[in-house]
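These protein sequence lines are chains G, W and D, in that order. Residue 299 in the numbering used here is what sits at position 299 of the first sequence, and the numbering runs on without skipping anything. Residue 48 in the numbering used here is what sits at position 48 of the second sequence, and the numbering runs on without skipping anything. Residue 11 in the numbering used here is what sits at position 11 of the third sequence, and the numbering runs on without skipping anything.
Do not take every clue at face value.
Stated by the list, open to error - Covered by chain D, per the in silico footprint, the following chain W stretches (three or more residues, Cβ under 8 Å): (1) 193–205; (2) 213–222.
Stated by the list, open to error - Straight-line Cα separation of at most 27 Å, BS3-like style, residue types lysine-lysine; simulated pairs: (3) D/K409 with W/K214; (4) D/K384 with W/K202; (5) D/K552 with D/K327.
If you are wondering where the hints come from, they were derived from the structure by calculation, not from laboratory data. Keep in mind the model is a prediction, meaning the values are calculated, not measured. Even for Gly, the Cβ is constructed at its ideal location relative to N, Cα and C.
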Amino acid sequence: MVNYFFIRLIQSVLVMLVVAFVAFSLFNYVGDPVHNMVGQEASTEKREEIREKLGLNDPVHTQFLRFVGNAVKGEFGLSYQLRRPVSDLIAERLPATLELVFISALIAIVSGVVLGVYTGINRDGFLSNIILILSLFGVSLPTFVIGILFIYLFSVILGILPSFGRGEVVDLGFWNTGFLTLSGIKAIILPSITLSLFQMTYIIRLVRAEMMEILQTDYIKFARARGIKKNTINFKHALKNGLIPVITITGINVGTLIAFSIITETVFQWPGMGFLFINAVHFVDIPIMSAYLIMVAFIFVMINFIVDITYYIIDPRIRIKEEVSPE
Amino acid sequence: MISEVINKIITNDIGYSFVKSKIAVISTIVFLTILICSTFAELIAPYNPFDPVNVSLLDAFTPPVWVDGGSTNFVLGTDQQGRDMLSTIIYGSRISLIVGFASILFAMSLGTFLGVTSGFFGGRYEIIVMRFTDVQLTIPSILMALLVDGIARGFISKSLHNDMAIYVLIFAIGISEWPQFARVTRAATLVEKNKEYILASKIIGLSNFLIMFKHILPNILRPVLVIATIGLALAIITESTLSFLGVGVPPTTPSLGTLIRFGNDFLFSGEWWITFFPVIFLVVLALSINLLGDWMRDTLNPKLKTR
Amino acid sequence: MSFLEINNLDIQYKTRKETINASVDVTFNLERGEILGIVGESGSGKSTVANAIINLIDQPGKITNGSIKLDNIECCNNEKIIQTIRGKKIGFVFQDPQTSLNPLFKIKDQLIETIQTHLKLNYYDAKKRSIELLQEVGIENPEKRINEYPHQFSGGMRQRVVIALALCCEPDLIIADEPTTSLDVSIQFQILKLLKDLTVQRNLGVILITHDMGVIAETTNRVVVMRYGKIVEQGNTAEVLSNPQSSECKSLVMSVPPTNKKIERFKLISPEGGEITNKSSTLTNSIIQNWAVREISNEKLLDFKNITKIFDEQLFFRSKKEINKLKALDNVSFQIIEGESFGLVGESGSGKSTIAKIITSLIKPTSGEVFFEDLSLHNPKNIKIKNKYRGQIQMIFQDPYSSLNPRFKVKEIIAEPIKFLQKGIGNNAIQKNINDLIDIVGMTRQSLERYPHEFSGGQRQRISIARALATRPRLLICDEPTSALDVSIQAQILNLLKDLQEELNLTILFISHDLPVVRQMCDRIAVLRNGNLCEVEKTENLFNNPKHNYTKELLRLMPKIESIYS
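Sequences and hints are given; from them, build the entire structure.
Structure below.
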C-alpha cells in the first residue's frame, strides 16, 4: 500500500516541478521583467541595478530554486499591471472562485449521476429520451451563451436575479463568503447553474453509457439468474461498479470547472481568479499568469491524488494483489 | 456507377442505419448547408460586410425585417456599425469553421501518430507519451488554449499579433485536443497489435512502419472518426469561447464568438438581434455536428449490443 | 409427468434483415437424479433454449410458442412465476468464471445476499450455510476464503464458487452452460465429477450444455443433439453415440477425434447421409509440379536447443522487489526432422505459444539457440542471411476471426507475402500463384474478390492456410488451428492439413491442448508443463506407454467419447 502512494506522491511532485519550470520560464524569458517593471524611460544603468537586485544575473538553476522557494511560500512578486503583490490578489479572489466551483460541482455531480443512472436503467423511456435531448443541447451550448441567455431571461426580462457581481459578502478573516447573505445567495444562483450545465450533461452521458455497459455484463446476468431483485441489481451491484469511472470523471470535473469558471466569471463579472487571469492574459501580466498556473496545477495534482486514494478504497482489485491461492 | 455506389451504401449496415435515422440525415443536411454557405460566402451573402464601401453608419441598429423599422435590405437587421447581420454571420461562420477544421486536423494527426506509435512500440516511449496524455487530459482545453495563447502573445510583437492570431489559435486548440486522439488510438492499436493478422505480417518480415500504416491504421479509423466529429464541435465552441473572451481571432476577421461579444454590449439596451442571431447560428452548427457525432458513436460502437 | 417438460418451444430473433429461428419445435424431458446433455455446434440454439427456461433470453429474442413446465407448473414467458423460481428452484451456471462474479463484492456478501433473497435466514445463519456450501463444492479453508474477493481465486476455484452460488437456495434443477469449456483438462475433470456427485447426493435434475462429445460421453445419462435450432436426435447417451440414426448426428460423432487409435482421415458425412470421399484439397498434378515439391531428406530441420525464456515486467521506477519474473520456458530442447509432423501438447500457460513465437522470431529467447537447418535464428550476425530464409517458416493461428485483416480482400491477403518477398514479380505470376493457392485449399476462385467477414470460421482458416503456403514454407507451424472451430469443421481442416503435408512434403509443428487431435495429426509428440518439457515420444508409444507422470495424468483425465463402451 505504501508503494502505491509513494509512487504517486513522487509523480505529483515531479509534475509540480515541471509546471513550476514552465511558470518560471514564463516569468524570466517571456518579455523582459525589468522592462515591465520600470517602463521605457529608465536608463541602462538603472536597469542593470534592478537586474542585480532581482538576482537576474545568477545562473539559471539558482534562479529556479529561488523561484520554487518563493512559490512555496506564496510569493509571486508584483503584478505588472496592478502593481500589487500577486499573493494578495489571489487571496482576495480565491474564495469567490472556490465557492462558485463548489456549488457548481455539487449541482453537476448530483444531478448528473441521478439522471445518468435513470437514463441508463430506463433506456428507452419517454422521460429518458427527453433528458437525453436536453443533454445534447447542453453539450452544444457554449457556457458563455448559456450565461448570456440566463442573464437575459432572469435579469432583463424577469428581473428577479442579479446579472453581475457577488452580492453582499461577509468577511471571515482569511475568507470572505457570500453564503451568509440573501443577496449573496441570489447572486450565486445563475453563475453556478451556468457553470454546472456543461459538466452535468457530460456526466449524464458518461454515467448512462457506463450503466448500460455494466447491465450487459455476465455478473449482472448471473445475479438475475440467481433471482436477485431488480432494484438491488440496479442500485447495489451495477451502481457500485459504475462508480469507479465516475470518480475519475469527478476528479477531472472539478478541474474543468475551475477552468470554465474563467468564462462564467467573465460573463457575470464575478470577482474571482478566473476574471483576474483573463485580464492578465489580455495585458500579458506574467506574474499573475504564472501564479495562476502554479495554483491551478497544484489543485489538479491534489485532486488526482485524492481520486487515487478513493480508487484504492473502492476497488479491491487494486488493494489486494496477493498471489492467487493454488488449486 | 452512381446507382451502384448508392446501392452499396444502402445495403451496407452503416449506410442503412444512416438513411433510417432521420436525425442523422437532417443534421448532415444542416451542417452541409452551413459549410457550403460559408465556403462560398462571397457568392451567397448579400453583402460583404467588411468592405467599408458597403457599410454606412446610417443603417446602424436596423431591426430584423419582421419588426417595426426593419427593412428588406437587411433581413436580420444590422449591427452598431451598420453591417448586415446575415452577411456577418455567414462570414463569421467561415472563420469558426476554418479554425475548427484546422485545429482538429492538427490534433488528429499529432494525436494519432503518437497514439499508434506508442501503442505499437510500447516500452519507455509509451509510458512517457501516456504520462503526457494523462496529465494533459486533466487540463481542460480552454485552459490549455488560453495558456498557449497567452504565452504566444508574450513572444510575438504587437504588430504581428493580428496576422498570427489565427495560427496561434489553431495551434492552441489543436494542442489542447490531441490527447483525446492519442488515448483512443493507442487503446485501439493495443487491441489490433495482438491480433493474429498482425503477427502473420511480422512473420513475413514487414517493417514496423508498413504494419502500422497499412494494417493497423485502416482498422482503427472508426473511433477516430467519432472523436474527430465530436472534437470538431468542441473546437468550434472553444474557439467561440476564446473569441468571446477577447483572446481569439482578431476583431477584423470576427468569428461567431466575436460577433456575440460585440452584441453582448447591446443586449440590455434592446438591440437583441445583434447577439441573438449569431448565438442561434452557433448553437445550430454545434448541435448538428454533435448529433452526427452521437449517431456515429452509437452506430460504430461494437460494445453496445442492440441488434 | 416429468420433473421438467419442454414442449414445442419456438424462439425467434427479429432483426431488420430477417427473422432468425433460434429454436424450432424443441421438445424434451428431464427427471430428477439424471444429467441430460444438450450438445450441438455453434448456432445450434442450445444456450438459447437454456436461457429460455429461466426467461433470460438476450434481446430481441422472444419465445413465440411452446410450453415449459417445472413440476407441472407452466412457466413459459411468465416473468412473475419465473422470478420466484430463479435461484430458488433453478440454479444456473455460466461458462466464464472470470466474468460471472461481481469483482467488487466479497464472496461472503454475494452468497449471503442470494441466500437471504430466497430463504428467511438471519445473517449469522446465512453465513454458516455459505461456509458449508463452500466446503461442499471443495474449497479448502472456507472460513478464511469466504472473506476474499473473486480475483483472489483461480479459474477452477471460481467456477466452484459459481456452483456454490447456484446451489445455495437448494434448487432442484441445475442448468450448466458450457461450465468447463474455458478450464484446463485436469480442472474440468474435477468440476464435472463435482456435478455428478451433487446430482446423486441432492437428487437434482441437471442440464449440461456443451460442444464436447467426450464430456457428454463421460458425464451424461441422456443426450439431446441440436442443429440449427432443431433437435436432430435424442435418447440414451450410450445409444445415441454408438449408433447415431440421423445424418447430422452421424456427422458429429464421426468428426470426433478418437482417443484410442490413429485414423488416416476423418470420415465426412454429407447432409444427405452419404459419406464424402473426395479429398479436402484439390491438388492437381500440375500444381504439384509447379510447386517443385522437395525430396524428403530426413535431416534435422529445426533444432530447438536449451531455450529458456523469462518475461520481465519492467516498471518505470524500478525497484528490485517489484520486478515480476515469469519463466515461460525452462531449458527446453527438441528437434524436428524434415518431413515429419511434430506435436506440441500442453495446457494453458505451458509455454507452447511462446515456443511458436520464438521459432518465428517474434520474440527472442533469454538463453539458448534455435537452428533452422544450420542457421542460428537469433544470432544478430545473421540478420542479412536471415532475410533469405524469411518465408520458409510460416504459421497458421487459432482465431479465424482475427487472423485476417478485415479491410483487405482475400486476394490481397494471400498476395501480400508473395509480393513482399519476391519484389519485382509480375502481376501475371502473382495471379497464377493466388489461383493455385485458392485451389489447393479447396475454395472457389470467386472467393478471391470477397472480404473475410463474408466467410465462416472454417473457410477463414483455409484462407489462412493459403496465405501461409504462399511463400512455399518448409516448416509450417499450426498453433491451435482448430480449437476455435466446430468439431465437424475441425475434421475437414485436419483432413486438409494431412493432404497438404503428404502431397507437398511439408514439415509441420502442430500445437494443441487437445490430446486426441494431436494423436491423429502427429508422428512424434512433446508434452509441456509450465515451461518444462516432460517427455518426447513417438505418438503410439506416448499414448500406449506414457513414461512421465504428468502425461499419465493427462491421458487419464481427458474426456473420452469411447467411455460409453465401458
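Tell me, in ascending order, the numbers of any earlier hints that this structure violates.
-> none
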